[in-house]
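**Student:** So the protein lines, in turn, are chains A and B. Heads up: the first sequence at position 151 corresponds to 151 in the UniProt record's numbering, and the numbers run straight through without jumps. Heads up: the second sequence at position 25 corresponds to 25 in the UniProt record's numbering, and the numbers run straight through without jumps.
Hints should not be assumed to be uniformly reliable.
Which copy? The list can't say, so a pair holds if one copy fits it or any two copies do.
The calculated lysine to any residue pairs, modelled on SDA-like cross-linking and capped at a C-alpha distance of 20 Å, are [claimed, not checked]:
1. LYS70 x SER169
2. LYS164 x GLY210
3. LYS265 x GLU89
4. LYS32 x GLU76
5. LYS164 x LEU187
6. LYS78 x GLY67
By construction, these hints were calculated from the structure, which means they are not laboratory data.
Each chain, letter by letter, is given below.
There are 2 protein chains.
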Amino acid sequence: MKFRRSGRLVDMTNYLLHHPHSLVPLTYFSEKYKSAKSSISEDLTIIKETFEQHGIGTLLTVPGAAGGVKYIPKVELKEAKQFIDELCELMARPERLLPGGYLYLTDLLGNPSIVNKIGKLFATVFSNRKIDVVMTVATKGITLAYAVAAQLDVPVVIVRKDSKVTEGSTVSINYVSGSSKRIQTMLLAKRSLTEGSNVLIIDDFMKAGGTINGMISLLDEFKANVSGIGVLVETEGVEERLVDEYISLVKLTEVDTREKHIEVKPGSYFQFEDENEDGGE
Amino acid sequence: MKFRRSGRLVDMTNYLLHHPHSLVPLTYFSEKYKSAKSSISEDLTIIKETFEQHGIGTLLTVPGAAGGVKYIPKVELKEAKQFIDELCELMARPERLLPGGYLYLTDLLGNPSIVNKIGKLFATVFSNRKIDVVMTVATKGITLAYAVAAQLDVPVVIVRKDSKVTEGSTVSINYVSGSSKRIQTMLLAKRSLTEGSNVLIIDDFMKAGGTINGMISLLDEFKANVSGIGVLVETEGVEERLVDEYISLVKLTEVDTREKHIEVKPGSYFQFEDENEDGGE
Chain A
1 MKFRRSGRLV DMTNYLLHHP HSLVPLTYFS EKYKSAKSSI SEDLTIIKET
51 FEQHGIGTLL TVPGAAGGVK YIPKVELKEA KQFIDELCEL MARPERLLPG
101 GYLYLTDLLG NPSIVNKIGK LFATVFSNRK IDVVMTVATK GITLAYAVAA
151 QLDVPVVIVR KDSKVTEGST VSINYVSGSS KRIQTMLLAK RSLTEGSNVL
201 IIDDFMKAGG TINGMISLLD EFKANVSGIG VLVETEGVEE RLVDEYISLV
251 KLTEVDTREK HIEVKPGSYF QFEDENEDGG E
Chain B
1 MKFRRSGRLV DMTNYLLHHP HSLVPLTYFS EKYKSAKSSI SEDLTIIKET
51 FEQHGIGTLL TVPGAAGGVK YIPKVELKEA KQFIDELCEL MARPERLLPG
101 GYLYLTDLLG NPSIVNKIGK LFATVFSNRK IDVVMTVATK GITLAYAVAA
151 QLDVPVVIVR KDSKVTEGST VSINYVSGSS KRIQTMLLAK RSLTEGSNVL
201 IIDDFMKAGG TINGMISLLD EFKANVSGIG VLVETEGVEE RLVDEYISLV
251 KLTEVDTREK HIEVKPGSYF QFEDENEDGG E
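With the hints as constraints, model all of the structure from the sequences given.
**Tutor:** Take a look at the structure:
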């Protein structure tokens with residue numbers, strides 16, 4: 001059975017969207033559709049142009065015998081600005097305020113279309129880094145980390161604060177929580193991370209950075225490298241930040257529990273996004 | 001600017017895949033591409049045929065002024081069988097065996113392409129039910145529940161076994177763990193679930209069903225309805241199962257910790273899948 005271009009375009013789009021950052025040889029498509037490589041190349045040109053025109057991402061062509069095509073999810077600067085503004089608006093709602101100056105974010109972190117967009121933003125800004133694994137700490141950041149991992153096509157590993165029989169042997173470390181200065185424990189299943197992995201750390205909230213600092217220490221134990229750190233919300237005005245280089249989408253600048261007033265502004269995302277634009281691929 | 005059919009097909013495919021179970025009015029597309037509704041209808045026919053031919057899902061057309069088109073993700077029976085067989089093979093590996101007869105599943109639950117497929121299987125089998133929310137209990141089932149929720153385009157809510165300041169007020173219940181017979185507590189943030197919601201419960205592992213039974217009691221407190229229960233792995237030979245109607249992908253039939261031997265077979269998925277086929281949409 002031969003496939004017409006229109007059908008091929010629909011199926012190839014579906015395939016590429018579900019295999020981000022994976023090199024797909026042209027022969028995969030030409031065999032699947034029993035079509036000439038030249039036709040497949042033309043299809044890919046149309047898909048690439050449409051992806052770029054509509055801000056879906058881009059297709060990289062890798063030439064040669066071992067070559068093929070790779071879909072790189074990318075959010076355009078304009079769309080990213082718009083989405084982060086929306087996030088700011090959502091987060092500034094006074095009903096989010098919880099005792100202790102915390103923000104209720106559970107609804108946002110459980111909304112697939114928001115979480116998926118956040119995942120794509122982080123995948124965009126970290127697209128030039130070498131990443132083998134995305135890591136987070138249980139519980140609230142898991143959906144976020146999974147969405148980033150899905151866009152980068154790498155596994156997600158989850159650090160826990162309590163040991164479970166269903167994890168097998170674990171490596172644990174003690175760390176000092178940045179704000180409360182209490183000593184806490186976090187652990188990771190031994191077999192969930194290979195030595196020397198390049199790890200992107202993702203979390204939902206960062207105050208002083210104690211938890212993220214703990215994850216960095218844990219990565220030391222696995223002789224793994226930190227490829228990057230991304231947080232959804234950071235708080236401003238922290239006396240002594242324990243983590244230097246990180247990317248945030250939203251910055252919490254003021255919380256007034258008495259007046260029920262929250263102020264937020266866009267985080268450091270665009271500084272890094274600009275860097276990426278300059279360095280270009 | 002006018003859009004050619006080929007570009008429209010690529011962009012519409014992307015849009016539909018990211019908005020499953022949502023009704024998209026034809027005017028949305030005709031305005032976006034400045035094209036006649038008749039052309040958009042032809043595009044949708046091509047997309048529908050391709051989706052069905054390649055087992056991506058289907059498009060439902062809702063006629064009338066308030067009508068439009070809806071993408072329903074669906075895994076075909078043949079592909080589902082093949083994937084569940086693969087899962088069985090992956091799970092039967094002796095190195096998964098942990099003390100106490102538990103299975104190490106963390107790698108599978110952290111692999112986006114596997115998790116995404118599992119999500120699509122559950123979305124297929126539950127596609128006829130009314131579902132407002134997907135619910136799971138922290139920690140291991142979260143990626144799975146999120147993937148199902150994403151395919152159904154509904155939020156995911158996460159029940160916890162410990163209270164957190166970042167959740168606000170919670171509703172808690174006590175339940176008896178089915179296998180250990182110990183009394184435990186689980187809780188859910190009050191504002192994370194609206195009264196009367198229709199809830200699909202998803203979890204990674206079920207022995208006697210105590211945890212799932214606990215979630216059902218918790219839903220009672222919220223006057224919410226159970227729309228369905230899906231578990232990745234169930235264990236066979238449980239004396240007294242606390243939960244009746246559920247769908248499993250894989251059934252653990254024998255675990256021999258001494259001989260390091262695991263036996264698994266496909267779960268109850270296909271019994272329900274057949275039901276769906278008969279009932280048909």
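**Student:** Does each hint fit the structure? Answer for all of them.
**Tutor:** Do the hints match the structure? See the list:
Proximity of LYS70 to SER169 under the C-alpha cut-off of 20 Å is found in neither arrangement, the shortest distances being 37 Å within a copy and 46 Å between copies. In this assembly of identical chains, the alpha carbons of LYS164 and GLY210 lie at most 20 Å apart only when taken from different copies (17 Å versus 23 Å within one copy). In the homo-oligomer, the alpha carbons of LYS265 and GLU89 lie at most 20 Å apart inside one protomer (9 Å), although the nearest pairing across protomers, at 49 Å, exceeds that limit. With identical chains, the CA atoms of LYS32 and GLU76 are at most 20 Å apart between copies only, with a shortest distance of 18 Å across copies and 32 Å within one.
Taking the closest pair of Cα atoms, LYS164 and LEU187 come within 20 Å of each other both inside a single copy (10 Å) and across two copies (19 Å). In this homomeric assembly, LYS78 and GLY67 never come within 20 Å of each other (Cα to Cα): the closest approach is 32 Å inside a single copy and 31 Å across copies.
Figure legend: structure checked against the earlier numbered hints; hints not met, in rising order: 1 and 6.
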